Amino acid sequence: MNNLCVDHVLCVHNLSRSFGGVRALCNIEIHITRGNITGLIGPNGSGKTTLFQAISGMDRGFTGDIRLEHKSIAKKRASRIYRSGLARTFQLSRPFPELTVIENLIAAGKPHEPNLHDRADQLLAQVHLDRYHNVFAKDLSYGQQRLVEFLRVLMNDPTLILLDEPAAGINPTLRRILWDMVHGLNAKGTTFFIIEHDMSVIADLCTDVYVLNEGENIAYGDLASIRKDKRVLEAYFGT
1 MNNLCVDHVL CVHNLSRSFG GVRALCNIEI HITRGNITGL IGPNGSGKTT
51 LFQAISGMDR GFTGDIRLEH KSIAKKRASR IYRSGLARTF QLSRPFPELT
101 VIENLIAAGK PHEPNLHDRA DQLLAQVHLD RYHNVFAKDL SYGQQRLVEF
151 LRVLMNDPTL ILLDEPAAGI NPTLRRILWD MVHGLNAKGT TFFIIEHDMS
201 VIADLCTDVY VLNEGENIAY GDLASIRKDK RVLEAYFGT
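Numbering (full-length UniProt numbering), first residue to last: 1 to 239.
Source of the hints: derived by calculation from the structure; they are not laboratory data.
There could be a bad hint or two in this list.
Listed next, with one range per pair, are the computed distances between beta-carbon atoms [what the hints assert, rightly or not]:
1) 21 to 134: 44 to 52 Å
2) 113 to 21: 23 to 31 Å
3) 223 to 98: 35 to 43 Å
4) 43 to 111: 34 to 42 Å
5) 20 to 99: 33 to 41 Å
6) 138 to 19: 17 to 25 Å
7) 97 to 197: 24 to 32 Å
8) 44 to 230: 17 to 25 Å
Since the structure is predicted, the reported quantities are computational estimates derived from the model, not experimental observations.
Where a beta carbon is used, it is the ideal one built from N, C-alpha and C, also for glycine.
Produce the complete structure using the sequences and hints provided.
The following block contains the structure:
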């Protein structure tokens, strides 16, 4: 085991991914500290979602290693990684449209776990969606669907949650509800890794930030240091 991984909930080591000869990720090293809210930023096409796909088991065509809680999850099926305690949301919301809101949450819970219905009810109440209990997911607003997707993730009590652009398409009220939940869960020990383009979101949520550009990890640190990094300025502004 890489010694750098001892104090981290997630370690990505020497991860590379190519598509048809085009290198999408090159020797990526990521270490997510337990209890942090870590951001992942970079220009469009820099490899952020590709990295999330690899970590979550949605894409297994990479080389390198990924460790969750010190155990390799590289090339494991997404369902197995989910059961191991890593869950994610997507850039575009993916609820089951023909299921009700409560059915969406129950479907994401641990099989045979008692009181799934009660847990789902509690989560819906926390985001003020309890009155939509029996509404089909397809009939919700896009922002409400994003909240339902986030609640689905919580049904499995994950150790690490990957959020892919959580602020996209939601109004300020729903955003504040989501941020309050993220902060509350983080205070109880849940670790987050967040892709986001909106720097105000990174400033609101994140303790530390990784920056990707053209498939390479070019910077890491707190937001104040990242904003001054010449490599980051060049990647974003060409200066």
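Tell me, which hint numbers fail for this structure? Hints 2 and 6 not satisfied by this model.
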